[in-house]
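Top line first, the protein sequences correspond to chains U and P. Start counting the first sequence at 1; every next residue gets the next number (our numbering). Start counting the second sequence at 326; every next residue gets the next number (our numbering).
Read the hints as simulated data drawn from the structure, not as lab findings. In this text, all values refer to a predicted model and were calculated from it rather than measured experimentally. Keep in mind that a hint or two might mislead.
Claimed, not checked - Capping the alpha-carbon separation at 30 Å, the derived lysine-lysine pairs in DSS-like fashion look like this:
#	chain 1	residue 1	chain 2	residue 2
1	P	K536	P	K454
2	U	K132	P	K483
3	P	K483	P	K578
4	P	K578	U	K132
5	P	K434	U	K132
6	U	K132	P	K454
7	U	K132	P	K390
Residues per chain, in single letters:
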Amino acid sequence: MRPEVGALVAAAVIFVFFLAVAPAFRSADAFVTVLYQSSTIGIVAVAVGMLMIGGEFDLSAGVIVTSAGLVNSMFCWYFGINLWVGAILSLLFCLAVGFLNGYLVMRTGIPSFLITLGTFFVLQGANLGVTKLVTGSVSSTDVSRIDGFGSLGAIFASSFAIGPVVVWGTVVWWILFVAVATWILRRTRGGNWIYAVGGAADSARAVGVPVVRTKIGLFLAVSFLGWFVGMHNLYRFNTLQAGGGVGNEFLYIIAAVVGGTLLTGGFGNALGVAIGAFIFGMTSLGIVYAGWDPNWFRAFLGVMLLLAVLVNLYVRRLATREARA
Amino acid sequence: MTRRVLAAGAAAILLLGACSGGGREEPGEDAATGYTIAFITHETPGDTFWDKVRSGAQQAAADQKVDLKYSNDPDAGRQAVLIQQAVDAKVQGIATTLVTPDALAGSVKAATAAGIPVVGLNAGIDQYKELGALMYFGSDETVAGTSLGERIAAAGAKHPLCVIHQTGSVALEARCAGVKSAVPGTENIQVNGADDAAVTSTLQAKLAQDKTIDYVVTLGAPIALDAIKAGGTAKLVTFDLNQETAQLIKDGKIEFAIDQQPYVQGYLAVTSLYLYLKNGNDIGGGRPVLTGPSFVDKSNIDTILPYTQKNTR
């Protein structure tokens, strides 16, 4: 039984549902907006999903997106240098945070939930404190007039037209990252290691899987994709609020779980997580397209997500019963 | 029990801070007035608006040589504790936002009972008097919303979209209600203010769903920047101001901003306490002092733009 089947059915049900109730949902424009919304969650969620398959959590994944943009923006603004320098520096910074997360988890044996909760708070505080120190305000300065903005913008925040609709580059990047993650999980030795360390770390270690290396690698992947989305936010919105990104870590986890990833590790795949992110994007915007009372937004969202998880579970049960029969 | 120990400990720390601030008033010494003023807000860390309130308060403290103790907590219960701590530390004056009057009433009463003057700022215009605060500096959210609504109604608005970026905020709801009272076709929408991309795509979706929306009203300057990226033909107006929105007003991409002058709120709250302590003054003649709504549009943006760059407007 493949993990994404339940999510796929749920996604189809929700899609048809919104097609039926929301006339504005029935357009190519709406579809690409949903894809964009899904991609900004989905890119980080791919790595978070892989990490969860590997049996760990990363609660700092939402804030690091903002940290990435802030490091790049403020470093270049303060020293007046090309944005490329800051972008690379920011990447190194994020990877260092990811490494620290992984290293501390592996070295101390403290659950990653606690370690990354710690880094989550540290980053959240540092984002605000450092931004205030450097810029005198709690939002970063406008980067659009600094050298390198054009080329970096073309990589991280460009869009292109297919016929009458404008598609954001993040959607393509998202598909690409999902493909790479799928390839790693299915075709490579590293993929086997990820399932092994998430399913039973001790047995994996016993048969010679490099548990520490695998898990630290997963944390690095999360911070890399967090950095990527941070770059997108910076180059699309030019300024960042230092308090941003908080709460998104749960959206990534939700996307992964809705997509069939087991909270306990060892089971799931990248396509499922992508579908999970798509369900989130579709639900959050579908409510708007349907024109429902916005005060109920979160309640609708919660019900939709619960339904998605239930359909997911039901389909999985059905499939296992058929397989037995 | 532990709670009392904690409170006592915190009070002791605050007291130490108070002592080291300026000491007793000594004749002939110009260094400090000896007043310690606690400044307490419901700031959620990371909002540019509060930067300005705080820098106004700090400027006033520097000008008046007052020792300023700033603290903040968005949680009503914890803000009440902060006020209580200031009372325990026997500060000379307290300036506080009164966004959740019922939750803060007990602490404010404790302050007035201890003979500490309290002024309100930013929120609580209807309740500050009954809580026992002497003066109030801020804008009336409903009045501000109504003036914004009247202005866009005059410009022909039929169906504005009011963007609420924080769930369950009384102040934001009041602004939208004010707009709606002037333009009955006003519709509210909730967005996740902590995620720029989510704000933009939600607005994009809404504008696609309802093509009759002619104005987008954002309730904070950073949200206006996200709204611009959502495109569409609707005109954009916003509450509050920052450097980027000021520039966009100059460029004509934002019609106007409605400013409640946060810097003035901070500055006047501290200064009024100083004057009260020093001279027994009462500002506002028993009525709230309104710091807004002040319109910022093409006609006055050239004067205001440099101040936004200094982070004072």
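For each hint, the structure was consulted:
Restraint check: the Cα-Cα separation between P/K536 and P/K454 comes to about 45 Å, which exceeds 30 Å; the hinted pair is violated. A distance of roughly 40 Å separates the Cα atoms of U/K132 and P/K483; the hinted pair therefore is violated under the 30 Å criterion. For the hint pairing P/K483 with P/K578, the CA-to-CA distance comes to about 20 Å; that is within 30 Å, so the pair holds. At roughly 27 Å between alpha-carbon atoms, P/K578 and U/K132 fall within 30 Å of each other, so this suggested pair holds.
For the hint linking P/K434 to U/K132, the alpha-carbon distance of about 34 Å lies beyond 30 Å, and the restraint is violated. The suggested pairing of U/K132 with P/K454 is violated, with an alpha-carbon distance near 34 Å, which exceeds 30 Å. Under the criterion of a C-alpha separation no larger than 30 Å, the hint pairing U/K132 with P/K390 is consistent with the structure, at around 23 Å.
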